[in-house]
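Colleague: Going down the list, the sequences are from chains B and P. Letter by letter, the first sequence follows residues 787 to 1172 of the working numbering. Letter by letter, the second sequence follows residues 13 to 473 of the working numbering.
Honestly, the hints are just simulated from the structure, not real lab data. Ideal Cβ placement from N, Cα and C applies to all residues, glycine included. Each hint should be verified, as a subset may be incorrect.
Stated by the list, open to error - Computed footprint of chain P on chain B, listed as stretches where at least three residues anywhere in the stretch have a Cβ under 8 Å from a Cβ of chain P:
| hint | segment |
| --- | --- |
| 1 | 807-817 |
| 2 | 825-838 |
| 3 | 848-855 |
| 4 | 859-873 |
Claimed, not checked - Part of the chain B face toward chain P, derived, beta carbon under 7 Å:
| hint | residue |
| --- | --- |
| 5 | R797 |
| 6 | R822 |
| 7 | I843 |
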Amino acid sequence: MKQEYADIIHRCFRCGWCKLPTNYQDFNCPAYLKYRFETFSSGGRMWLLRAWLNGDITTSERLQQIFFSCVTCKNCVEACALPHIKDKLVDIFIAAREDLVEKSAVPPPVRDYLKAMSISGNPYKKPQAERGTWAEGLDIPKYTDQEYLFFVGDVGSYDEVGMKMARSVATLLSDTGVSFGILGEDETSDGNDVKALGEAGLYEHLAKQNIGILNERGVKKIITLSPHGYNAIKNEYPEAGGNFEVYHYTQVLGLMMNDTMPKGTLNAKVTFHDPCYLGRWNDEYWAPRFALGSIPGIELAEMDRNMKNALCCGGGGGNFFTDILGTGKDSAAQVRVSEAVETGAEILAVACPLCYKMLDDAVKAEDLGEKIRVMDVAEIVNESRK
Amino acid sequence: MDTIYKKIADIVGSNYVSNAAEELYIYSRDQGVQPARLPDYVVMPNSTEEVQKIVALANKEKIPIVPMGGALVLSGLTIPQRGGIVLDMKRMNRILEVNEKSHYAVVEAGTSQGMLQAYLKKHHPKLKHSVPDAPPVATIGGNIAIHGSGHLSQSEGGFHTEMVTGLEVVLASGEAVKLGSCSTVPKWFSRAPIPDLAGLFMGWNGTTGVITKIGLKLFPSPKLKDVMMFMTEDVDSITDILFRIIDTEMAEDIAFFVSPKPAYFEGYQLIMISVVANSEKEMKLRLELIRESVREYIDSKEAGFLPLPPYMKVKLVGAPQKNLSEFADVMKGGGFEYVGAIMPVESIPEAYRAGLEITSKHDITYSMGARIVGRGSCVMFYYAYPFNRADSKNIETVAKALEETNEKALEIGGIPWKTEISGQQLILERMEPGTYKMMTEIRKLLDPNGIMNPGNWEVQS
Ligand SMILES: Cc1cc2nc3c(=O)[nH]c(=O)nc-3n(C[C@H](O)[C@H](O)[C@H](O)COP(=O)(O)OP(=O)(O)OC[C@H]3O[C@@H](n4cnc5c(N)ncnc54)[C@H](O)[C@@H]3O)c2cc1C
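Chain B extracted, bound-state conformation (with noise of 0.2 Å):
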């Protein structure tokens, strides 16, 4: 553990506000929403963490439960009453998560992602040649001297709620305009997940290859489809080289080309939930719902927590691909939708492949498919256009 933050976990008053939104409406650390233990909160974890390091407590399974559980979603940062501590508390919960990595101390589905990646380099462990199929069809070209490359990472690759996601963006930044084109197969894993679940090694590994590849090819510019990526490139990428521009796809949207964005008519109440990479991690909460806004016949509603008070899918820290968290009453997803119902939109809009398929499951595991679909912006931009 760096002294950095060795230094301060004793500073941790275990207070509590960490538990909650800034509006104080409901539990919103998803840990501790779900598990419900002191031990599950961000306060607990720093406890635990302090008694870890002086031996009071052993490298248990709990533990290890406990640590991987974070989903790393910044609302104890948001939340905390401290502030020479606050930023620090998901570096530490990482920190120790790197700890518990070296000491090969983790979770099965931990240890299952982390081989998937360093062997296929994908949490699917699909051939690298597939990284590309998402395109098939759309007639998009191989990056090569276009303004903006537009990077997709794992989810958007592989899965197909995120292929889906892929593949309106890409229509949509063809439509407008915006001169873009994509790695395929070349691209390499974003490593922001892979970084968060505490794999700092293969994290390094993942981002030089990106890095490399990016600026032999001479990328300046780059368009994310999900906010984990965007984060990474912009805030990890700098430290190891790698210096782009960049953008998540909202941003483009709802900021640089709204005006030359095509648009129709779509009369719908739409909610919007902030992603935690785009939100909290990079503070952008204003261009999707500007986006989204723009479109003739679109009411939009805020559920209550809302921007810096989001309550996470769930999806975040990697338990996207782990599922340490699981499903259930008190899953993050499924309290979530639940509260997109509340607010009688008819569309939960999202901006993040992983946001779309956790809350999509939760709306089928709620049986809300009646009441609420899930759409992402640039889907429902396209949908207006129909």
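Place chain P with the ligand on chain B using the hints.
Modeller: For chain P with the ligand alone, coordinates are given in the frame of chain B:
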């Protein structure tokens, strides 16, 4: 497998009971300086029925049971002194009813202060409840069990227990009983006019039963808020100043405080006065009347109102006050504990001087202050001492200072509130023998096997 564990799991489900080292570690301690003691199980019930079954099982097996809410009392009252079950009540957090016409709410005991606040703001914006300055995850049940107070305690009738309109409690036998109007008619409007049995569970630290439901008075929530800060150097004038302000009946919350930090505040006595109103006109009038009440002090240049910049006002009008939790970081050490002593307003100068003496003797920093309760019937005078969790010597010093403060508070004529086991001993030593005898007999009757939070409110042998 441990048969008790299995029996508990059969009641609450295996996800909501734990005897893992991690849970036992965390539930064995709180944020203050009291020593840790391990529980045997941590259990999280979801309904009164589940609480009944758990308590009945504990009673049969003679296993101690410690109800726990937010575990934010700081004085170790949820630390299981004799092991057993810690009953974490926070899954029982449903808001069951808000009666807008009769201004009361019925909530499950594990409902957090924050959630009730948010719920009222959204669904019944004209109403609010009295909020302690504890972090918002503190529970309504935990606060009632210790006679808490909050931002309406000055203006709306006193301690939070005085705002309780009814209770549902589970006795050590496993029986659930309703107390107050809800015992007789299906509404939770009042504890009167029938014999007031609710008092058997409030201020008892969970030693007489588990509170499962609470009826709570609600109060009007005017739209406009403002805050004034009055400052004087003369602590002996505080009582008079406070009563002048209290007697205007124009203020919501009134709190006196002193702090050695920032340095330019040292030696000054500050009074924070929160004011609410429904219109600008009303606000102006309220502020003016408060100003008038202390005009003599202002004219004599002995004291005056501090101008507050808007950003500071925004911070100060909120309830709960987040900056109180921040106090835990004063020593860069993640801890503080306080003696809160209930005493008459007139005792403030003496209480303040005693605090200065104790903190200077132990060379520790502090924050001191007093919240007015019940329009001046008394105050909760607090002596908060921060400490560094990583420094065991510092913890020892603060523990000693807290003990001395408890003694001093009693000497002055106050009574330590929600006090540590050692503080309870000091109170019991001074209590009329007849009163203590009655307390013991009531407990024997309600809890013959002595399973309810044992160690609390009993003379230690
Ligand atoms: C920064 C800070 C500021 C504070 N400000 C205030 C303030 O302004 N006013 C105030 O009153 N307090 C204040 N407190 C003290 C304390 O946090 C609150 O009183 C809080 O409401 C206690 O509730 P809890 O749920 O945390 O109780 P806990 O700490 O969980 O429990 C307190 C006691 O009640 C018992 N108990 C808990 N639940 C039940 C139940 N359901 N049935 C029976 N017994 C039960 C426990 O066994 C224990 O003895 C403050 C604390 C902090 C840290």
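Colleague: Can you list which hints this structure breaks, lowest number first?
Modeller: none
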